[in-house]
Amino acid sequence: MRQFQQSFVVETRGKALYDVTERVRDVLTNADVREGLVTVFIAHTSASLLIQENADDEVQRDLERFFARLVPDGDPLFRHVEEGPDDMPAHVRAALTQTTLSIPVLAGKLALGVWQGLYVYEHRNRPHSRTLHVHVLGA
Amino acid sequence: MRQFQQSFVVETRGKALYDVTERVRDVLTNADVREGLVTVFIAHTSASLLIQENADDEVQRDLERFFARLVPDGDPLFRHVEEGPDDMPAHVRAALTQTTLSIPVLAGKLALGVWQGLYVYEHRNRPHSRTLHVHVLGA
Amino acid sequence: MRQFQQSFVVETRGKALYDVTERVRDVLTNADVREGLVTVFIAHTSASLLIQENADDEVQRDLERFFARLVPDGDPLFRHVEEGPDDMPAHVRAALTQTTLSIPVLAGKLALGVWQGLYVYEHRNRPHSRTLHVHVLGA
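Quick note, the sequences are listed as chains A, B and C, same order. So that you can map any letter, position 74 of the first sequence is 74 in our numbering, and since no number is skipped, the others follow by simple counting. So that you can map any letter, position 34 of the second sequence is 34 in our numbering, and since no number is skipped, the others follow by simple counting. So that you can map any letter, position 81 of the third sequence is 81 in our numbering, and since no number is skipped, the others follow by simple counting.
I should point out that these hints are in silico values taken from the structure, not numbers from a laboratory. Errors might be hidden in some of the hints.
Here are some, though not all, of the chain C residues that point toward chain B, as calculated from beta-carbon distances under 7 Å [as the list claims (entries may be wrong)]:
id, residue
1, Leu50
2, Leu77
3, Thr99
4, His128
5, Ser129
6, His133
What the simulated footprint calls covered on chain C by chain A, stretch by stretch (three residues with Cβ under 8 Å from a Cβ of chain A suffice, anywhere in the stretch; the number is not a length) [as the list claims (entries may be wrong)]:
id, segment
7, 3–12
8, 21–35
9, 53–61
Glycine is no exception: its CB is placed at the ideal position from the N, C-alpha and C atoms.
Start from the sequences, fold in the hints, and give me the full structure.
This is the structure in structure tokens:
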């Protein structure tokens, strides 16, 4: 058994889900593991990770509509406002989703379901560079 | 150190939590590991995983009451409606809970707290077959 | 490659985030691993784990304000009330955050972003002793 690590950066352009499934698959290819476990980590607190449906883009837009209603920009509840009206909502949205995800590797492939894609969920309005670390364990 | 993987299917019958603690313990028994880490993954985006209290069933029903109020079926906010009024709420509920969970193994047992059980949280109304993959690492 | 496990207890004094980053770093030092993966698990269902911003304490208080509004103590929706008005909200808040987190180790350090801290999120009003298990894998 062995491990392999690789990091990459995702450039985001506002609140939305960004598909990183292929980039994580590329890391798995580099790791050359047939059976194991892939763990993805995002090194930020105003963007997060999510496994979601990859078939209908409307699902991702509905998800964004839900979070925009649940944690609206400029919510008067918040006092941490120096970094803009979307900053504290971004931290809350990140807390409600994932900073880390683990996906088994079976027969050389990520064991994702047919409809599952792996996404970076950007919660800020302006463009950001988001760093992801991928750890692969296996044989 | 070695790894072991096994998958199983959970048959669900509507929105509720389904206890899979014993089934994951069975995989650990098959893996024959004394110290290590168990990672559980659910290969779906309208059902999820959750560690919750296993003592009072009312906790699980209250949890369902909360999610039913937070993300009601048929919410007019959603546009992805072709698969039924419970489909998009199911994706949101899955996003707010877990797709993957890791539990340490100590002295041959899952290191769950006394009150912790491991559940599949079904978010659709109709019966579904849900596939879980379990990865065990250890010695 | 090898693994190392260590547990510790966090004493909490009411609803708030408690920084455990240094305590997890201490476990990593004991494990003496340069490249690998640290997994943290909390053995409770009314407290949880969270990676959040460590720069401005107001972020943590805003997060608490948000959860207090989303899942208020004494919410008449809940029927599991024997253990107090903050008990069922605690289970819901734990379900909405994390029971387990994995963080890669790069060059002997937790690969946390500059602004990321690792927190126990206590959801009960009274003091509690919370047990965390830390699993370290690596070389």
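Here's how the hints hold up against the structure:
A least Cβ separation of about 13 Å between Leu50(C) and chain B goes past the 7 Å threshold, and the interface hint is therefore violated. Checking Leu77(C) against chain B by beta carbon gives a least distance of about 5 Å; that is within 7 Å, so the hint holds. About 5 Å separates the beta-carbon of Thr99(C) from the nearest beta-carbon of chain B, less than 7 Å, and the hint is met. Hint status for His128(C) relative to chain B: violated, with the closest Cβ pair at about 12 Å, above 7 Å.
For Ser129(C), the suggested interface contact is broken, since its CB lies about 12 Å from the closest CB of chain B, more than 7 Å. Interface hint status for His133(C): upheld, as the beta-carbon distance to the closest one in chain B is roughly 4 Å, under 7 Å. Chain A is given as covering the segment 3–12 of chain C, and this is violated because 0 residues of the stretch bring a CB closer than 8 Å to a CB of that chain, at least three being needed. With 1 residues bearing a CB less than 8 Å from a CB of chain A, the segment 21–35 of chain C misses the requirement of three and the coverage assertion fails.
Beta-carbon proximity to chain A at under 8 Å applies to 5 residues in the segment 53–61 of chain C; the threshold of 3 is reached and the given coverage holds.
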